[in-house]
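K.L.:
Using the sequences and the hints given, assemble the complete structure.
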Amino acid sequence: MLTTSQKHRDFVAEPMAEKPVTALAGIGDVLGKKLEELGFDKAYVVLGQFLVLKKDVELFTEWLKDICGANSRQAASCTQCLKEWCDAFL
Amino acid sequence: MPSFVEDPAQLSKRRLRSELAAHSVPLPAADSGKEAYVELYRRHVAARSGADFSSDEDEGRGQAGGSGEEASIRDEGQKTELEVMDVSQLTDVELKARLLQYGVNVGPIVASTRTLYEKKLRILLKPVSQPPLNGAGYAAQYSDVEDEDDDDDDDEERDYGSVHAGGHLEADEEQDQEGHNQLESRSPDISKVATGTKDLMKDKNATRKSPAFSPKPSVFRPQFKEPVSDILMEMFPGTEPTPTGISATCRRPIKGAAGRPVQFKYPDTPSSPGTKERRELQRHLVPTWIQMLVFLLVAFLFYLIFSAMQGVPDSPSAVLLHRSGHEGELLGDLSSFATSEDPPLVSGEE
Numbered sequence: 001m002l003t004t005s006q007k008h009r010d011f012v013a014e015p016m017a018e019k020p021v022t023a024l025a026g027i028g029d030v031l032g033k034k035l036e037e038l039g040f041d042k043a044y045v046v047l048g049q050f051l052v053l054k055k056d057v058e059l060f061t062e063w064l065k066d067i068c069g070a071n072s073r074q075a076a077s078c079t080q081c082l083k084e085w086c087d088a089f090l
Numbered sequence: 001m002p003s004f005v006e007d008p009a010q011l012s013k014r015r016l017r018s019e020l021a022a023h024s025v026p027l028p029a030a031d032s033g034k035e036a037y038v039e040l041y042r043r044h045v046a047a048r049s050g051a052d053f054s055s056d057e058d059e060g061r062g063q064a065g066g067s068g069e070e071a072s073i074r075d076e077g078q079k080t081e082l083e084v085m086d087v088s089q090l091t092d093v094e095l096k097a098r099l100l101q102y103g104v105n106v107g108p109i110v111a112s113t114r115t116l117y118e119k120k121l122r123i124l125l126k127p128v129s130q131p132p133l134n135g136a137g138y139a140a141q142y143s144d145v146e147d148e149d150d151d152d153d154d155d156e157e158r159d160y161g162s163v164h165a166g167g168h169l170e171a172d173e174e175q176d177q178e179g180h181n182q183l184e185s186r187s188p189d190i191s192k193v194a195t196g197t198k199d200l201m202k203d204k205n206a207t208r209k210s211p212a213f214s215p216k217p218s219v220f221r222p223q224f225k226e227p228v229s230d231i232l233m234e235m236f237p238g239t240e241p242t243p244t245g246i247s248a249t250c251r252r253p254i255k256g257a258a259g260r261p262v263q264f265k266y267p268d269t270p271s272s273p274g275t276k277e278r279r280e281l282q283r284h285l286v287p288t289w290i291q292m293l294v295f296l297l298v299a300f301l302f303y304l305i306f307s308a309m310q311g312v313p314d315s316p317s318a319v320l321l322h323r324s325g326h327e328g329e330l331l332g333d334l335s336s337f338a339t340s341e342d343p344p345l346v347s348g349e350e
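So the protein lines, in turn, are chains E and Y. Everything in the first sequence is counted per the numbering used here, starting at 1 for the first residue and increasing by one. Everything in the second sequence is counted per the numbering used here, starting at 1 for the first residue and increasing by one.
Heads up, some of the hints might be wrong.
[As the list claims (entries may be wrong)] Beyond 12 Å from chain Y on every Cβ pair, some chain E residues (computed):
1. 19
2. 20
3. 41
4. 42
5. 44
6. 66
[What the hints assert, rightly or not] To give an idea of the chain E side of the interface with chain Y (calculated C-beta under 10 Å), a few residues:
7. 47
8. 49
9. 51
10. 52
11. 54
12. 55
13. 56
14. 58
15. 59
16. 60
17. 62
18. 63
Honestly, the hints are just simulated from the structure, not real lab data. Where a beta carbon is used, it is the ideal one built from N, C-alpha and C, also for glycine.
P.N.:
Put into structure tokens, the structure is as follows:
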């Protein structure tokens with residue numbers, strides 16, 4: 001993504017701490033609920049999956065689409081958001 | 001229906017016919033008697049009964065080892081069934097080794113990552129691109145309501161025509177193409193899986209709509225591994241390729257953390273060069289104006305004092321001098337009266 005949303009900027013601006021999964025860019029109420037049902041109730045759990053996949057953008061996007069039914073745009077936003085967060089804080 | 005080896009003579013003619021059809025045995029003429037069916041049944045079904053059992057076991061094993069994705073792949077693919085089944089039965093170590101052969105940066109293969117890596121290996125084994133396996137049905141149900149527009153969600157719904165009627169799909173094909181071009185231009189490195197089937201149609205539109213990304217659709221079809229680096233290389237020619245892919249964002253200093261002000265994290269967006277100049281000018285001009293004002297005031301004061309010393313007629317100090325002159329005359333008149341009063345007068349004068 002070459003342009004970022006306000007949600008993206010807000011997330012990448014500070015450590016995620018205990019932010020809910022809906023704070024991630026690209027993850028709205030519907031997707032957030034789906035992820036919470038699967039056990040990914042906090043943003044850091046999703047971050048965990050991203051890290052286990054060795055921060056591979058392609059794999060993580062695919063995983064996200066498979067697991068909660070995100071479309072390409074949403075998955076790409078989330079991936080980009082997490083990637084930038086990692087670049088800043090990890 | 002289970003293919004048990006029972007006495008076919010006991011089965012009815014209709015039952016025999018259905019059994020034969022199930023085993024894809026060419027049926028005899030409709031006029032032929034039951035004996036013909038029985039004979040065929042005995043010949044084919046009995047011969048196959050042993051084979052059927054073993055093939056059932058294979059299928060059962062395959063399905064237990066793999067996941068739902070495997071079933072869908074078996075429905076579509078023809079030649080790679082053997083490879084598909086192999087992938088699911090590889091151990092973690094073997095799977096990792098095979099992926100490393102293809103140069104994939106493999107992470108830990110745990111429960112959550114296993115299916116992903118299996119899928120990746122399957123894609124690598126099978127050079128022809130297959131239809132996307134992502135949640136096509138889900139796209140119709142879920143949508144992220146945010147500040148970004150939702151038109152792309154609708155476009156994706158129509159593309160995967162499994163949800164909507166075929167006629168509807170054709171009518172909106174042009175819109176889909178435009179919408180997908182927007183999608184492609186926004187997420188070039190990700191949308192390949194989702195839009196793999198439509199890319200051939202979009203070659204013309206891509207060049208018209210988004211010239212910056214025109215080479216991309218032509219590269220999609222052949223393989224999945226290559227386009228990631230090719231596209232990003234075209235977009236960002238100066239960056240070095242990393243094992244996981246080119247990272248388009250350069251490492252930024254840690255702003256916005258540990259109390260650092262957030263508004264300067266993205267300096268490009270809030271202010272244009274014009275506003276930046278204005279801000280800088282303001283910083284310089286404010287003290288300068290004050291300095292000039294103070295200087296003028298002081299200069300004016302100095303001018304007044306200097307003029308008073310020189311005895312300019314207009315100056316107020318001259319008036320004072322004149323009055324003192326008057327007092328001097330008065331003193332002169334009074335001094336003739338009483339010299340004894342001089343000291344007090346002198347003191348009063350002073």
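K.L.:
Against this structure, judge whether each hint is valid.
P.N.:
Evaluated hints:
no.	hint	verdict
1	19	14 Å, holds
2	20	15 Å, holds
3	41	15 Å, holds
4	42	16 Å, holds
5	44	15 Å, holds
6	66	6 Å, violated
7	47	13 Å, violated
8	49	6 Å, holds
9	51	8 Å, holds
10	52	6 Å, holds
11	54	4 Å, holds
12	55	7 Å, holds
13	56	5 Å, holds
14	58	6 Å, holds
15	59	6 Å, holds
16	60	9 Å, holds
17	62	6 Å, holds
18	63	5 Å, holds
In this structure, the earlier hints numbered 6 and 7 are contradicted, and the remaining ones agree with it.
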